[in-house]
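In terms of UniProt numbering, the sequence shown opens at residue 1 and continues consecutively.
Hints are computed from structural coordinates only; laboratory data are not their basis. Treat the hints with care, as some may be off.
Calculated cross-link-like contacts (lysine-lysine; reagent style BS3-like; alpha-carbon spacing at most 27 angstroms) [to be verified]:
#, residue 1, residue 2
1, K41, K70
2, K27, K41
3, K27, K70
Cβ-Cβ distance ranges computed for the label pairs, FRET-style [as the list claims (entries may be wrong)]:
#, residue 1, residue 2, range
4, R40, P69, 32 to 42 angstroms
5, A33, L55, 15 to 25 angstroms
6, T96, A47, 16 to 26 angstroms
7, K27, N77, 29 to 39 angstroms
8, R40, W73, 16 to 26 angstroms
9, K41, T96, 28 to 38 angstroms
10, L55, E85, 33 to 43 angstroms
11, L55, L81, 29 to 39 angstroms
12, R40, T96, 17 to 27 angstroms
13, G54, N95, 35 to 45 angstroms
14, G43, T96, 37 to 47 angstroms
15, S89, I36, 24 to 34 angstroms
Backbone N, C-alpha and C define an ideal beta-carbon position, used for all residues, glycine too.
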Amino acid sequence: MSELSVIYTTNTAIYLIEKGLKMISQKSDWHPADIIAALRKRGTTLAAISRQAGLSSSTLANALSRPWPKGEWIIANFLNLHPSEIWPSRYYDFNTGELLERNIRRPTNKNNE
């Protein structure tokens, strides 16, 4: 069996070296049911958080199945987490292990163009 040594770790990846080759052990995104369960443990629902944010009750569900930074931040903030802890595949470059900058798009004010 070859010897592995840990180079460095992040919240989502452990970088290992084996005979000069870099290998990355990746964490996977939370399952949507786990996100919903975490919200339920805090005494709320995805629909309730969506309404509190001024959105339709079903809108935040979009963040469970596809990238949407605004929705991801709303959910993560409620759980007192960074979105990268829930969706590492959306926030980390697994080639470098670096946190990607994901900005929330702000609507433009058409009156001030």
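Exercise for the section: For the range 37 to 47 angstroms, tell me whether the beta carbons of G43 and T96 fit it or not. Expected result: holds (39 angstroms)
Practice task
Could you tell me whether the CB distance from S89 to I36 stays inside 24 to 34 angstroms?
Solution key: violated (19 angstroms)
Exercise for the section: Assess, step by step, whether the Cα of K27 is no farther than 27 angstroms from the Cα of K41, and give holds or violated. Expected result: Holds: K27 and K41 sit about 23 angstroms apart, inside 27 angstroms.
Handout entry: Hint check for A47 and T96 - Cβ pair distance inside 16 to 26 angstroms
Key = About 37 angstroms separates the Cβ atoms of T96 and A47, which means 16 to 26 angstroms is violated.
Problem - Cβ distance range 15 to 25 angstroms for A33 and L55, holds or violated - result: holds (21 angstroms)
Exercise for the section: Determine whether the Cβ-Cβ distance between K41 and T96 falls within the hinted range of 28 to 38 angstroms. Expected result: holds (34 angstroms)
Handout entry: Restraint check for K27 with K70, where alpha carbons must lie at most 27 angstroms apart
Key = With a Cα-Cα distance of about 22 angstroms, the restraint between K27 and K70 holds, given a limit of 27 angstroms.
Exercise for the section: Determine whether the Cβ-Cβ distance between R40 and W73 falls within the hinted range of 16 to 26 angstroms. Expected result: Check passed, 20 angstroms falls within 16 to 26 angstroms.
Exercise for the section: Kindly confirm whether 33 to 43 angstroms is satisfied by the beta carbon distance between L55 and E85. Expected result: violated (22 angstroms)
Handout entry: Cβ distance range 17 to 27 angstroms for R40 and T96, holds or violated
Key = violated (36 angstroms)
Exercise for the section: Hint says 29 to 39 angstroms; check whether the CB-CB distance for L55 and L81 agrees. Expected result: violated (20 angstroms)
Practice task
With respect to the beta-carbon atoms only, verify the hint that G54 and N95 lie 35 to 45 angstroms apart.
Solution key: holds (37 angstroms)
Hint compliance for this structure: hints 4, 6, 7, 10, 11, 12, 15 are not met, and every other hint is.
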